[in-house]
Amino acid sequence: MTDPHDATVAAHLPLKPVVFHILLALAQRTSHAYGVIQAVRERSGDLIHLETGPFYRHLRKLLDGGLVRESAERPPDDDRRRGAYYQLTRLGKKVVTAESRRLAGLVALTEELGLMSGGETT
Amino acid sequence: MRSEDGTRPNSRCNRLFNWLLLAYPRSFRTRFADGMQYTFERQLRDAHDKGGIALALFWIRSTLHALLFGLGEHLSGLRRGMRASVPRTGTEQVRSIGREIRHANRRLVRNPALSITAVLSLALGIGANTAIFSIVHGVLIEPLPYPEPERLVGVWHTDIDEDRWGHARISYLFYRENNRVFENLGIFRNGSTSLTGGDLAEELPATWVSASLLEVLGIAPQLGRGFLEDEESPGAEPTVVLSHQLWSSRFGQDQNIVGQTIHVEGSNRTVVGVMPSGFHFPTPDTRLWLPMEIDRADPDRSYWNSTAIARLRSGVSVAAAQAEMEALAARLYEAFPDRENTAAVFEELQLSAVVHHFKEDVVGDVSGALLIILGSVGCVLLIACANVANLFLAHTEGRRHEVALRTALGASRGAITLTFLSESTILALSGGVLGLALAHATAPAILALAPQQIPRLENIGLNGPVLLFTLAISLLSSLLFGLLPSLRRIPSPAGALQSSGGYRIAGGLRHRRARNTLAVAQLTLALVLMAGSGLMVRSFQKLHDVAPGFESPGLLTMRLHLPGAGPATSTATVAFYQTVIDLVRTVPGVQAVGAASGLPLEEGGTMLGHSFEDFPLAEDEFIPNYLTQLILPGYLETLRIPLHAGRYFDHSDLDGPGRAVIVSAPLAERLWPNQDPIGKRLTPARYEDTGVWYDIVGVVGPVRYESLEQPATEMIYYPFAPLYFSPDTDPIFSGTLSLAVRGNVAPSSLVGAVTAAIRSIDLNVPLTNVRTMEEIVARARGRAAFSTLLLVIAACVALLLGVVGLYGVVSYMVSQSTREIGIRMALGADQGSVCRMFLKQGLGVATAGIILGLVGTFAVTRLLGSMLYEVSATDPFTLAAVSFLLFAVALAASYLPARRATRVDPLRAVGQL
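Chains A and B, in that order, are what the protein sequence lines are. Note that the working numbering has the first sequence beginning at 2, numbered continuously upward. Note that the working numbering has the second sequence beginning at 288, numbered continuously upward.
Pulled out of the complex, with its shape left as it was, chain B reads as follows (with noise of 0.2 Å):
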């Protein structure tokens, strides 16, 4: 049918149209909604007939218009309604608001179920995220325990590789020197010493720092001062700085230490400083400070493990302060005594420098994991708050009533959005209150099982900034879940005061689109979290199936430290642990016992550049690195790492002229691919000009040594004697040795027996990281436990709520349906068809959540890219596992309401009429 002006109703477009109007407010579509539909179709044709760009923009302009005024609209509404309400003077507004919260606190009283119901789930919500933000602040927000801490900055070397180097002596001295960016530059490296006097021998952790170290970190000694220049001399009078913690713990705060001698390594050292409390650097392990020895005039050039911290000028930028780093670094070979050759030997490298603030090296590669874990529980939140949305819902549709009754009497819409509001902030802050203490109860439990890696833990704790989180979420849910019901149509009085079925049923269509639009919001965002935490719990599963190469189950390990042992009396230090591995092999219960300079999956190893007779290089190429160790024969057998060739060490590599070595697998492989490795040659770089080669007389099996997500590490094994350096310039092996005990019994039972056979050989020997094997590899597999049960927690909370939603959808839907379902029943409908219905219905929510679920999964998961192992981001099966355990569970949480449905008596259903 045409109109007169000749236009025919469009309906796609019309329908458009009427979408875009939703925008506007209910009491604006009323009034104005034909005449606007006519105009735009009118200016829809005028636009058509301009063409194919006019009529896009046409199109885009339209919406924007809807958004923007529809919006507009609604605020220009609330603004009346609110100026209708608000009191005039001050004592009147404090007294209506406390009117206000003392009737929203006597309803909420009177409505138990939804009270508790709300407080509950909110304060699953709250509580989490409070609990995971007070870490997230601790670690990742709150700034290093410094002046300006902001202006300190770590300074590293990079590759062509992209590995990251540290300092050498001789880097340090140029950039300290040629540098215009820093108000001052420090290096340190980490290590442990030992401290020996009165009874007890201890090893602790330590740490070498340049004098200009403590300056650049900004704090002052608490007694004494900090190193001296001089005092990083070779043959320097030897200092020592301590830790607070160790002046109180080993010195009883003497008040005189400074001053006086302790003994350290086996030699003098005189205390010149002690650091506050509080001072944790770089780990709140350090115990003591020691100058690092820097030779100015022919300064190290070989060892490139120190770590660099400055401390920029103020004004000078991060960005400013890496050009000139990496323009000093195009220079660094001007200091090197050959400079052609290290020129040309940088250049291959592409050796330059990079320059970031430091938190980021303390805070390390942690803030990933962290933000996905709280971006997990934001989530939660969400559905916490869909749940009590739906529970509000439902909750002030049993009060339209009342509410038309009140807008009858001139109560505005303001008035009444205000008193959603404060019954929805009364809610949440009880939730947020509740939560608090829920993260209070769990937070030191969720620390426990945290690994050691989470750095800064000691910072963490329900402090000021995250009281203010809490506060903040609790009152945004408030809004978010408070709003809704005013958002949606306030009804209007004459029709809500009729208690005609007609209008029961108009009502309810609308509030049941809300609720079904948050149920799927709901299962959507439980999906989401389900997949993840799926995807975690499978790489954590492949890493757990990781074979590290040896056998760890049965094995007892510790740290044996020999003080004072030099390449002097390497013999006598070979005899010692010959030794104490004898007297221990004869303990009742052990099998097999081996020592070697480190354990695998323990942090550190050595790398020492080698060169391989069957491959020179030429006079430029760079040398390189591979993972050695010593050991003693014994070792290889007590790990039982398998041997793939040739032999194992035995004792008579240990003396006399035999150079006997042994390599891992990987590296036999790649080198000497389809070849037997037996008696090729190699050597430490540094020993090649000596023309001392060492044979390889065995290949083992590949070990997982630096982590179990890495691949098996090509390893070269020596016997002890022959490569024990000096410890007086940069110890690559000290007197240190692991031991690794490997009894038919378990080997916490082994712990007495074994300690005390070797204090029986010596009393003084340090004996530090007693633990199991099994421990190890547990640590090493810790960070990726962590995260995965935080998330699976997080999911399992998250299904729950998103369930208890849909239950609570399908039971309104029953609910709500009494008549119909009355009808139909009277009309011949079997109780299997009427439960069918139901049924339908709330799977089609579970469905439409699985669907948008599966699709944000798409978007979000790579987020959890680097943290999984071996497991695709979309991988199908888990994704497949997850939306049939959603279906499942929906399934019987639709069942159970749609049963209910077929207990209706028709008779008294379709009596309502």
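Just chain A, same shape as in the assembly (with noise of 0.2 Å):
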């Protein structure tokens, strides 16, 4: 059965590594811009540096795009200045899910090859 939505996600593949992180940050939990910022920085092993100027454009299009939104809920510890808190939508989820499947197909295929171990394969 088709999801109707498949083709709206599809558009969005593949996401760029640093877009990818952003949702996957956004995935574990609500959170506001530079949380996601420190999360993306941890996760990817402290290579993925993002500063606000261009995280923000990600975020601009994330928001238009309609895979990430403002979360309504707030922390009980907020503080205002921090700015609004983000989460991601449906289609937000749908996206990442996706990308990660994608991801882990490519990895399967280097399996098949054996790159992963390092010898070639006859």
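Simulated from the structure, these hints should not be mistaken for lab results. Each hint should be verified, as a subset may be incorrect.
SDA-like, lysine to any residue: derived pairs with alpha carbons at most 20 Å apart [stated by the list, open to error]: (1) B:Lys337 to A:Arg42; (2) B:Lys337 to A:Glu52; (3) A:Lys95 to A:Arg30; (4) B:Lys337 to A:Asp47; (5) B:Lys1127 to B:Ile1138; (6) A:Lys62 to B:Pro312; (7) A:Lys62 to B:Ala320; (8) A:Lys62 to B:Thr317; (9) A:Lys62 to B:Phe1171; (10) A:Lys62 to A:Thr111; (11) B:Lys646 to B:Glu470; (12) B:Lys646 to B:Glu502; (13) B:Lys829 to B:Leu308.
Two chains, two frames, some hints: make the complex.
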């Protein structure tokens, strides 16, 4: 059964790695901008350092594309200066799942070819 | 107050970041500003922890991000807006554009004050730019009218003093034979010659050319042919090529002219060709071309006064040609009979060659002045645009209700931008058309004022590229002030539809900042222009005060030419001129008459190598050249060049073995400081071996012979007879003398009587260049005067526009603040303090403009450097004067609307609550 959303989801793939990380961070928990940036840095093993300008550009596109929305809920120790909190939408969840599946498929391919173990296949 | 994660707001960095955020559109800021602030603070702290360089890099990156992404957001916003409003089909598009234009037109017509002021300001700015650009295009940009003109190069010699030399026959032949970079090489020399025969004797500008020269240029004669190399040999059949102009005016376009003989310079020459019309080489004045005499057996090596042009082989660059010619110049001595000595002389001189595009020789040093003037009128256009932008901002301010309504009804930002743009385009194009008409009307006047030294004058006109330029700057202007209102915030529908006073003040504040900034920018540019023109005016004044060394008022001058005179008849020549002088002296009103081989401040002067008895030269030392003149007794007295020592010439110096010379003071002071030069001996270098020496009998005052800007020339005056050479080997002195007539009436009134007197002696003597000495001196000041005039006009227009802008800004402030004024007055402020309040604001703008303008002046006026005579580019007197002038005018412009503020009725103003 083809989900009518499939086409919309597919339109967002493949995700830029940075965007993927942002969505992953939001998938884990609703948070504000700086929180997302921190999470991305941790998850990528300190490889991806997002700064304010680029981050907000991605964020704006995600908001406009309907993958992310402002969250009404705020944690109890909220500091208003932190700005808005953001969460994934249903579409966003679908997209990040689809991308993960796509990446997994690629990893499976490399395992088949034996590249992961460092040796050549016969 | 600390927040839970320990960050203390660092207000200075916060404010800096706020500034950076201004690069983003307002909608973006509203959405994300808080989060961005916080994120930035945290990241700043992290970078701080990492240390100095990381922190600096962080700031740099943040700034760049803000600019880039901010711009990106602006563009995305516009794109989204446009996409919403762009109609789909082709006909829809055309119809919607048409509709927009008609609406825009209607709005502009309903607003005549705005439209007329804007169109006039723009017309002034655009017209000035068009006029100047047409000159720049005709002189600098348009290529020379020869096939493949970019391959034409001039070849010159340079020496250790970085003087430029021309060519001698010997160098021309050597280079021609030995180079591998030129397709062809030719030389030429300008001069004049007389054409006699029939009833008219004329002296005409003529050019002596090598046979190869016409081939180098690549233009074929209309009739007949150019010269053959055989015709260059001494003793060959004399030939001549006519210009189209001469052929038409003098020979009635006779189709059979080729083969006929005409009488040139006293001898018959066969016409071998006629050049096509439009062929102006080297200038439009040249009337005929004569073959240069080149003796290939013993080529002349004394006169290095010919100009060389070459055509590069295809694929050869100027740099390659330069390298080749430098190498050849180093070998030039090989062509000389005395190789060793010549080699030593050339090496000491550091003789070398330089090659550059021939166009540079044609255009000369005019380009600097022209580009400065173009920059100035560009500034004037910017100021005009700022004025129109201000007008436009006020106009759109008043329409924010309309805009808000349209936005609420669904019009996108792009559509509204389009509306403003269509209005601005109509205004700008109208201004452009009017400006074009203005330029067309004033161009003849500008060119009439221009000194003849501007080359290629005939090329200047309102042609295709100039029209394109006008269109381009019109459209650019329309973008400049048309986009301005849409870059400002388009008011949110809800806010604008309220008419609460609170909103109005806020809106006014935003626009006020924009208008103030524009006014400051205008005044800055105006000050820079005023400073530039002020410096030029002072320079011109200083030049004007320069004493040329002789008394120019009251002098009439002309040139007399005796065709066919040669050394055999030198006595007869002297007798003739003496007769002329004696007869002219009897004309009523004439006080004194003199004759000399040339006059000061006219083109050209003869340089001759001299040896001095007191300063014998070593074998390989180079012979110094001095400006040399032949004069008849009475010349120095007629010009009232003062006598410093010794005596003037008298008639006994003309005949007999008399060997008298007079030198000018600068030469005497340099060679014999604190000594008496009278009695010292010198001789032209060519006579050194003959043992003929000349005695200095007098020292006269310094004369600025070459130009007013250069210091007085070291000169040597000879009495006429002894140095009169034959004209058949590059005449230094021909039979042409300049006559100077001093009268106690206006010189121009003497013209008729004097010329009649001369003609009564010999009807066939051509008389040319009849003008007063004052005209000659004025001409010498000519180029400076022209540039100065244009700059002053530009500065005045700039000041006017800038001040009108300031007036507008202060008026606007007053009109926006009526309620505030009412409240203040109701609370007891008197009229004076209200007036002073606005005066202060206006003067604040003016002061900012002046300070920024002074900064700009320091940066920019060094460009004027070479055009200024004895005035430094940052002359404090001038800068202070123009600053003061601008301040005073700004004071007046602020005072008038400030006074209006005092007439506000407090009750009514407050009653608007």
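Check: Within a Cα-Cα threshold of 20 Å, do Lys1127 (chain B) and Ile1138 (chain B) meet the stated pairing?
Finding: Holds: Lys1127 (chain B) and Ile1138 (chain B) sit about 16 Å apart, inside 20 Å.
Checklist line | Agreement of Lys646 (chain B) and Glu502 (chain B) with the hint, judged by alpha carbon distance not exceeding 20 Å | finding: Distance of about 17 Å is within 20 Å: holds.
Note to self: Between the alpha carbons of Lys337 (chain B) and Arg42 (chain A), is the straight-line distance 20 Å or under?
What the structure shows: holds (16 Å)
Check: Between Lys646 (chain B) and Glu470 (chain B), is the straight-line Cα distance small enough, at 20 Å or below?
Finding: Status holds; Cα separation ~18 Å.
Notebook entry, point to check: Is the Cα-Cα distance between Lys337 (chain B) and Asp47 (chain A) 20 Å or less?
Noted result: Holds. Lys337 (chain B) to Asp47 (chain A) sits at ~15 Å (cutoff 20 Å).
Note to self: Check the hint pairing Lys62 (chain A) with Thr317 (chain B) against an upper bound of 20 Å on the C-alpha distance.
What the structure shows: Judged against 20 Å, a Cα distance of about 16 Å means the pair holds.
Next item on the list: For the pair supplied as a hint, Lys62 (chain A) and Pro312 (chain B), confirm whether the alpha-carbon distance does not exceed 20 Å.
Entry: At roughly 15 Å apart (the allowed maximum being 20 Å), Pro312 (chain B) and Lys62 (chain A) satisfy the hint.
Notebook entry, point to check: Does Lys62 (chain A) pair with Phe1171 (chain B) here, judged by a C-alpha cut-off of 20 Å?
Noted result: Given pair Lys62 (chain A), Phe1171 (chain B) is violated - Cα atoms ~55 Å apart, limit 20 Å.
Next item on the list: Assess, step by step, whether the Cα of Lys62 (chain A) is no farther than 20 Å from the Cα of Thr111 (chain A), and give holds or violated.
Entry: violated (32 Å)
Item checked: Satisfaction of hint between Ala320 (chain B) and Lys62 (chain A), Cα-Cα up to 20 Å -> Roughly 16 Å separates the two Cα atoms, so the pair holds.
Note to self: Tell me if the straight-line CA distance from Lys337 (chain B) to Glu52 (chain A) falls inside 20 Å.
What the structure shows: Satisfied, since the Cα-Cα distance of roughly 15 Å is no more than 20 Å.
Margin query: Please verify whether Lys829 (chain B) and Leu308 (chain B) have alpha carbons no more than 20 Å apart.
Written below: Violated, because 53 Å separates the two Cα atoms, which is more than 20 Å.
Hints 9, 10 and 13 from the list above are not met by this structure, while the remaining hints are.
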